[in-house]
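Asks: Per the UniProt record's numbering, the sequence shown runs over residues 1 to 301.
Only true hints are included.
Here are the computed distance ranges between Cβ atoms for each label pair:
(1) GLN94 x SER173: 31 to 37 Å
(2) ALA53 x LYS241: 31 to 37 Å
(3) MET172 x ALA202: 23 to 29 Å
(4) LYS223 x GLY166: 24 to 30 Å
(5) ILE109 x ASP285: 52 to 58 Å
(6) GLU169 x ALA113: 41 to 47 Å
Derived by calculation from the structure, the hints in this document are not laboratory data. Even glycine gets a Cβ: it sits at the ideal position worked out from N, Cα and C.
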Amino acid sequence: PCGKQQQQQQQQQQQQQQQQQQQQQQHQHAPSLAAVLPGTGGASPPPPPLPPAQQQQQQELTSLFECPICFDYLLPPILQCPAGHLVCKQCRQQRSVCPTCQGSLTPNIRNLAMEKVASAILFPCKYATTGCSLALHHTEKPKHEAICEYRPYSCPCPGSSCGWEGSLEAVMSHLMHAHKSITTLQGEDIIFLATDINLPGAVDWVMMQSCFGHHFMLVLKKKCEGHPQFFATVLLIGTRKQAENFQYRLELHSRCHRLTWEASPCSIHDGVPVAIYNSNCLVFDTATAHLFADNGNLGIN
Numbered sequence: 001p002c003g004k005q006q007q008q009q010q011q012q013q014q015q016q017q018q019q020q021q022q023q024q025q026q027h028q029h030a031p032s033l034a035a036v037l038p039g040t041g042g043a044s045p046p047p048p049p050l051p052p053a054q055q056q057q058q059q060e061l062t063s064l065f066e067c068p069i070c071f072d073y074l075l076p077p078i079l080q081c082p083a084g085h086l087v088c089k090q091c092r093q094q095r096s097v098c099p100t101c102q103g104s105l106t107p108n109i110r111n112l113a114m115e116k117v118a119s120a121i122l123f124p125c126k127y128a129t130t131g132c133s134l135a136l137h138h139t140e141k142p143k144h145e146a147i148c149e150y151r152p153y154s155c156p157c158p159g160s161s162c163g164w165e166g167s168l169e170a171v172m173s174h175l176m177h178a179h180k181s182i183t184t185l186q187g188e189d190i191i192f193l194a195t196d197i198n199l200p201g202a203v204d205w206v207m208m209q210s211c212f213g214h215h216f217m218l219v220l221k222k223k224c225e226g227h228p229q230f231f232a233t234v235l236l237i238g239t240r241k242q243a244e245n246f247q248y249r250l251e252l253h254s255r256c257h258r259l260t261w262e263a264s265p266c267s268i269h270d271g272v273p274v275a276i277y278n279s280n281c282l283v284f285d286t287a288t289a290h291l292f293a294d295n296g297n298l299g300i301n
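Please take these sequences and the hints and turn them into a complete structure.
Replies: This is the structure we're talking about:
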């Protein structure tokens with residue numbers, strides 16, 4: 001019996017060794033999850049650039065989707081005129097005649113073959129001419145372009161109906177010429193004075209601050225949806241990446257009270273509505289405002 005037990009133990013040890021060797025071999029040859037799955041700790045390298053021949057082929061394919069009117073790319077659902085010519089959705093809403101054959105653009109005819117091709121290629125961002133180098137699937141393209149850093153900047157002045165758009169370099173020039181009432185103060189520490197905070201309805205107070213080689217827009221917004229509230233924030237006249245390099249502090253104080261808020265500024269690409277939506281601002285009600293106000297004027301350090 002002792003001899004049989006020893007044989008069984010040896011067989012079990014041999015089987016365990018074989019299993020361990022097999023597991024080691026599988027581990028050596030199998031890729032790790034971190035190398036395969038994005039966001040699990042393994043940084044996958046960026047895809048290599050396409051060879052010149054494939055780049056040319058990609059450009060030729062995407063050129064087939066250019067709208068003959070606005071030259072933007074057509075994205076699914078893709079509609080054609082009875083003769084097979086393509087026009088983008090936005091231009092179809094403004095025209096009733098095909099610009100290529102002068103035929104009627106109605107009825108709406110889907111081009112399913114072109115939609116399949118569109119799902120198999122990548123489209124350049126519409127702001128490629130201003131510096132964006134991304135190529136995206138048609139389902140991702142609209143979402144990216146809505147927040148693309150290279151899209152035109154809108155006028156950052158809140159409370160105005162200004163429809164100006166332009167480059168980042170032209171924003172300050174526009175503000176100085178079209179919104180001359182906005183005061184600009186120099187230095188790291190300033191006092192932002194909001195006068196007549198008891199004015200009825202929605203009101204915006206705006207001031208510019210220049211320091212560290214950049215321009216910042218200080219905004220105090222009064223909203224009267226439900227019970228009146230005040231929202232104070234700082235915007236950088238710059239990109240989101242540049243905004244990450246700064247911290248600001250807003251401070252209200254009276255003889256017995258102090259209210260402080262610290263955060264990173266938003267880029268004017270996002271604007272005040274995004275700051276309020278993300279709660280990236282100092283929020284206080286009218287009772288708090290009156291606690292720190294002096295004769296209806298509120299000073300924010």
